[in-house]
Structure formats: structure tokens, C-alpha cells
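For the sequence shown, this note's numbering gives the first residue as 2, with consecutive numbering after it.
It cannot be assumed that every hint is accurate.
Claimed, not checked - Dumping the calculated DMTMM-like pairs for lysine to aspartate or glutamate here, alpha-carbon to alpha-carbon at most 20 Å: (1) 84 / 42; (2) 132 / 163; (3) 491 / 446.
Stated by the list, open to error - Label-pair ranges, simulated between beta-carbon atoms: (4) 516 / 440: 51 to 59 Å; (5) 499 / 352: 34 to 42 Å; (6) 521 / 563: 30 to 38 Å; (7) 387 / 469: 28 to 36 Å; (8) 516 / 468: 26 to 34 Å; (9) 145 / 534: 28 to 36 Å.
Bear in mind the hints are in silico, worked out from the structure with no lab data behind them.
Note that CB positions come from ideal geometry on N, CA and C, so glycine has one too.
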Amino acid sequence: MFAESGTHNRVWHRYALLKIARMVAEEDKKPIDPRVIEYTDYHDKLIGEVGDSDDATPGYHWVFYDAAMAIYNHTGDWDAFLKNKGFTETLNRYVEMVSPSGACVTFASCSGWPEVGQSMWQYEWMSRLTKDGRYRWTSHRIAEYYYNHLDYRANQYHLPYDTARNNFVMAYLLADDTVPPKPPTHTSRVTWRHPLRKVPLERLRARPGTGPHEMVPDEWIPDKVLLSTSNNAQDLWGMVELLPRAGHGGEVPGNIVALMQHDSALLAGQGYYENTPDFQNLLWIEDLDGLAADPREMTTAVPIYVDDPAFTFVRIVTEAYQHLPVTYTRDILFYKNGFMVVKDRAKFDSTMKVRLGPCFQTRCLGPQSGENWFNAYYDDLWYTGLGLGRGVQAIRNPAWDLLVYFTPREGRKHTVLDRYLENPYRNSPIQMRQVWQGMVRAGQEITFTTVLLPHTPSITPKDFIEPPADSKAPKYIEVARDDDGVTVIKAVSEMDPVNHLRYETWVMLNDTGQSVKAGPIESDGLLAVVGHNPNGNIQHRAVAGGKLLRYRDNDESGQARKVELRSIQVPVELQK
2 MFAESGTHNR
12 VWHRYALLKI
22 ARMVAEEDKK
32 PIDPRVIEYT
42 DYHDKLIGEV
52 GDSDDATPGY
62 HWVFYDAAMA
72 IYNHTGDWDA
82 FLKNKGFTET
92 LNRYVEMVSP
102 SGACVTFASC
112 SGWPEVGQSM
122 WQYEWMSRLT
132 KDGRYRWTSH
142 RIAEYYYNHL
152 DYRANQYHLP
162 YDTARNNFVM
172 AYLLADDTVP
182 PKPPTHTSRV
192 TWRHPLRKVP
202 LERLRARPGT
212 GPHEMVPDEW
222 IPDKVLLSTS
232 NNAQDLWGMV
242 ELLPRAGHGG
252 EVPGNIVALM
262 QHDSALLAGQ
272 GYYENTPDFQ
282 NLLWIEDLDG
292 LAADPREMTT
302 AVPIYVDDPA
312 FTFVRIVTEA
322 YQHLPVTYTR
332 DILFYKNGFM
342 VVKDRAKFDS
352 TMKVRLGPCF
362 QTRCLGPQSG
372 ENWFNAYYDD
382 LWYTGLGLGR
392 GVQAIRNPAW
402 DLLVYFTPRE
412 GRKHTVLDRY
422 LENPYRNSPI
432 QMRQVWQGMV
442 RAGQEITFTT
452 VLLPHTPSIT
462 PKDFIEPPAD
472 SKAPKYIEVA
482 RDDDGVTVIK
492 AVSEMDPVNH
502 LRYETWVMLN
512 DTGQSVKAGP
522 IESDGLLAVV
532 GHNPNGNIQH
542 RAVAGGKLLR
552 YRDNDESGQA
562 RKVELRSIQV
572 PVELQK
């Protein structure tokens with residue numbers, strides 16, 4: 002019982018059991034092993050300050066809560082639970098991570114979307130304790146997702162389905178109907194958590210069994226970016242990883258953990274599987290000589306974060322990326338209910354022989370793909386316990402597709418790698434990638450641009466890129482300019498495939514610091530956006546980090562929203 006110490010998940014079990022045993026012994030005036038006293042006193046302070054476990058995964062989230070509940074179920078003093086600042090801060094973060102459709106999306110090591118349904122009743126219990134309607138609203142969304150998607154088939158392991166039924170019963174029994182459900186904020190936002198730091202060697206020697214990392218209770222770092230259109234279950238929603246390191250997870254800051262629209266997963270994590278960049282929706286750098294390395298800790302910053310009524314823009318900068326002498330910058334433009342533009346920039350600090358490029362993962366490809374674009378989708382979401390093939394469970398995924406479009410550049414190749422046979426239980430076995438290979442020198446930068454466009458399923462997705470000659474439909478993606486300094490792209494999004502209500506949007510990403518004209522748009526901002534409604538009228542004009550906006554030779558500067566570029570700041574309530 003005393004074999005491990007720290008803030009990781011296995012310690013929580015030991016701590017809770019020993020804490021309760023000590024309480025019972027004290028109540029019965031029984032002798033207590035001094036090791037129990039020392040262990041619980043030590044972890045009362047260590048765990049009590051953070052109220053969380055090291056493990057940043059939606060499955061391991063609940064290890065801490067189960068252990069804490071065991072203690073407070075024994076004492077019955079739930080007021081003391083609520084007074085624990087760490088517990089409430091942690092749960093406030095968890096409840097933000099559920100999609101508006103109720104999907105508990107996976108990231109890092111967990112056994113898939115069905116495993117976290119117990120949060121349905123745990124949020125009802127928290128709503129009863131706190132009278133906070135956000136927990137009830139989220140619990141109801143999880144219930145809806147379960148009801149609509151969890152598919153029990155005769156050839157599937159029955160336990161997830163059985164557990165879901167138990168979760169519904171528990172949620173019903175624990176619910177407080179006097180608390181009205183309250184939706185969370187509908188805007189995009191950033192979550193925060195305590196950073197993981199290496200435990201000094203002297204402490205490891207003094208206390209054998211201490212985990213090599215533990216959380217720092219008086220510091221905060223950005224955890225996830227939640228990209229939100231609204232609280233409507235059908236609208237575009239996504240999640241992006243910001244942590245440079247996390248327990249039971251990889252070192253994959255910038256990874257697009259999930260993308261959903263029409264209640265359908267368009268990008269999804271691997272589950273309890275690989276946590277390296279080549280299995281994520283992320284830039285992957287291969288050191289072909291195996292000689293380059295950077296001894297510094299990998300660190301992540303978010304120097305620019307903008308949330309506008311029409312879009313969210315975030316810049317993520319990672320130093321010593323993949324423990325290489327590389328600074329990795331990922332710009333993400335999330336156009337609400339429309340599409341995403343992702344620009345990746347790798348700046349090298351030394352000469353290297355490399356192969357690099359952005360990867361995107363999926364389950365299915367087709368029915369058509371092109372030289373630099375792929376049509377991707379998930380027929381089902383597949384998961385299994387601990388990634389071992391035990392208890393295979395498929396979740397229904399509504400039909401909705403994702404066009405993955407790599408902007409063409411000279412010297413780039415496009416590859417597909419189907420790794421299904423390596424592990425048939427992997428959720429996203431197919432890798433799509435744009436690749437550049439060669440020697441880079443210190444100070445050199447290489448950039449890549451990708452457009453992610455959700456769309457209605459089509460037998461001929463090629464028509465979105467190259468419409469037939471007799472068609473009145475527009476090109477859904479056009480590139481006016483794309484290089485290291487400037488990207489100008491048009492994307493056409495369509496939420497209603499019956500009435501063909503199309504929204505044309507032009508986007509400029511401009512890192513030159515000067516006014517640039519390309520295609521129909523001219524601006525001096527870091528970011529400029531012009532969006533049309535289905536009637537062709539302009540409904541959104543915005544410039545971030547600039548003042549000038551000209552569009553189709555008309556000066557739109559006066560009507561454009563001027564958006565200030567800001568870095569993210571730790572919320573005031575977390576600084577108390």
C-alpha cells in the first residue's frame with residue numbers, strides 16, 4: 002500500500018483507502034500503523050492542494066473523483082468536499098470538455114467514448130451539492146449522446162451497454178430536479194490545469210516510489226482550447242491540446258483532439274493507444290540522421306488568442322518540439338459552423354536532415370481522393386478496453402464527411418498510410434500527410450497549410466474541388482496565395498444539403514507585418530476575414546491586428562470589426 006507516492010492516479014486509490022481505514026481506526030480507538038499516519042498526512046497536503054491527478058485523460062479524470070467520493074461518502078461531510086478549492090477547480094474544468102452534443106471526446110489514454118458515461122450521474126450529484134445548473138445541463142447532454150449513439154450489438158461486449166444502463170439509473174436517483182439546467186458559455190474558451198514538473202532527485206531518493214513528476218499547486222498552464230460555435234448539438238465544435246506533458250498522455254501540444262459537426266465525429270483520438278505525433282492530428286518531424294536533440298524541457302505558450310462572433314483564432318508556440326532544436330508554431334483559424342484553416346510553421350535552430358509535415362488521422366477514406374486532398378469519415382467509433390482487444394465497442398457515428406485539403410506547394414508529396422492490420426482496434430488507423438524532405442539549416446522555416454472542410458456525404462466529393470462543367474455549384478476551396486508569409490483561401494461551407502445554403506468566406510493569414518493584396522482581399526492585419534451569407538451579402542468583416550480591409554476593390558475598413566491580438570491570461574478566479 003505504501004509503494005507509490007505523488008499525485009498520479011494510482012496514489013489516489015491508496016490514499017483514499019488508507020485515509021478511510023485511519024478514520025475508522027481512530028473512531029474505534031484502535032492502534033494505527035505509523036506508516037499509515039505518515040502516508041496520509043503527507044498526501045493530505047500534496048493531494049489536497051491540487052485536487053486532481055496527473056493523468057490528463059477523460060477516463061483517468063474520474064480516478065481522483067472516485068477516490069475522493071469514497072472519503073466523503075464515509076464522512077458524509079460534503080461541505081468539506083466543496084470547500085476543497087482543488088476539487089471544485091478540477092470539476093469546473095472537466096465539465097467544460099463535453100461537446101454540446103454530449104460526447105465525452107477522448108484524448109490520451111482512455112478506453113473510448115463509452116467509458117466516461119459515469120460522469121452523467123457524477124455531474125447530477127455535483128449539481129445537487131453545488132446547485133450549479135451547468136452540471137445538470139452537461140449530464141443531460143451526455144445522456145442524449147448515449148441514448149442516440151451507444152449501439153448494443155449481439156457480437157459486441159455487453160459491459161459498456163450494461164454500464165450505461167446503470168449510469169442512467171444512478172443519474173435519475175441522484176438528480177435534484179429543483180436545479181434548472183444551465184448551459185455553459187457558448188463561446189470558445191481555454192481551460193487551465195497545474196503543470197507537471199520533475200521531482201528533484203533528492204526527494205526521489207528520500208521517498209522511494211515517488212512518481213518522477215508531480216503537479217505544482219501554485220502554478221497554472223493552459224490545458225485545452227475548446228473551439229465552439231454555440232451550444233447547439235449540430236454546430237461545429239472542436240478541442241485542441243495545449244499541454245506539453247501530461248500523465249497517461251503524449252507530448253503533443255497543438256494536436257486537434259476532436260472535431261464534430263451534425264453530432265458526428267470528424268476527427269477523433271486513438272483512445273488507449275499511441276500518443277506520439279505521427280498518430281495525432283499534428284505536425285510530425287522525423288530526424289533522419291538521428292543526431293539532433295534539444296535537452297530543454299518542451300514548453301508551450303499561446304501568444305495570440307482571439308474569439309470573435311465569426312471565428313476563433315489561436316496561435317500555439319512550442320519550444321524544443323519533439324525534443325528537437327525546433328520551434329513549432331501552429332495557427333488555427335476556426336470559422337464558426339464552417340471550416341478550419343491550420344498553418345504549421347517549423348523553425349529550425351540547427352542543421353538537420355528531416356522529413357516533416359502535418360498528419361491527420363481518420364477511419365475511412367473515399368469514395369474519391371485527389372492529388373492533395375482526401376475525403377475522410379468515421380463510419381463508427383471503435384474502442385476497446387486498454388487497447389487490448391477486450392470488450393470491443395462501436396459507437397454509431399452519423400454520416401458527415403471531412404475534406405482534408407493540403408495546399409499544394411513545390412517539392413511536397415502527399416501520402417496515405419493505412420495501419421489497420423497493425424492493430425484492428427485502433428480508432429483512427431489511416432494517416433493522411435503532406436511531406437517535405439531535405440536538409441534544413443539553422444534559422445530556416447518551413448510552413449504547411451491545411452483546410453479542414455466538413456460537408457454532406459457525397460459519392461463524388463471531387464465535385465467540391467472541381468465542379469462539373471454543367472454545374473452551377475462553386476469551388477468549395479480556392480487558394481489565391483499560399484507561402485511562408487501569406488495565405489489567402491476561399492472556403493464554401495454548407496450546413497443544409499437539401500436547400501444548398503452556401504456560405505462563402507475569404508480568409509487571409511498575413512505574417513509579413515505589411516499590407517498585402519491577394520485574390521479579392523487586401524489587409525494589413527495578421528488575420529482578415531470576409532464572410533457572406535447564402536444570399537451573397539457580406540455578414541462578417543473582421544481584421545485582427547490591423548486596420549485596413551479592402552475586398553473586391555471596395556474599402557470595408559470602416560465597417561470591419563477591429564479585433565485586438567491578445568495572449569491568454571490565467572483567469573482571476575484561479576489566482577486567488
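Status of the hints after comparison with the structure:
Among the hinted pairs, residue 84 with residue 42 is consistent with the structure: their alpha-carbon atoms are about 19 Å apart, no more than 20 Å. Between residue 132 and residue 163 the alpha-carbon distance is near 29 Å, which puts this suggested pair outside the 20 Å criterion. Between residue 491 and residue 446 the CA atoms are separated by roughly 25 Å; this puts the pair beyond 20 Å, and the hint is violated. Hint check: residue 516 to residue 440, Cβ distance near 34 Å, so the stated range 51 to 59 Å is violated.
The hinted window of 34 to 42 Å between residue 499 and residue 352 is violated, with their beta carbons roughly 56 Å apart. Judged by the Cβ atoms, the range 30 to 38 Å given for residue 521 and residue 563 is violated: they are separated by roughly 20 Å. As the Cβ distance of residue 387 to residue 469 is approximately 48 Å, the hint placing it in 28 to 36 Å is violated. Range check, residue 516 to residue 468: Cβ separation about 33 Å, and the 26 to 34 Å hint holds.
Remark: the range hint 28 to 36 Å for residue 145 to residue 534 is upheld by a beta-carbon distance near 30 Å.
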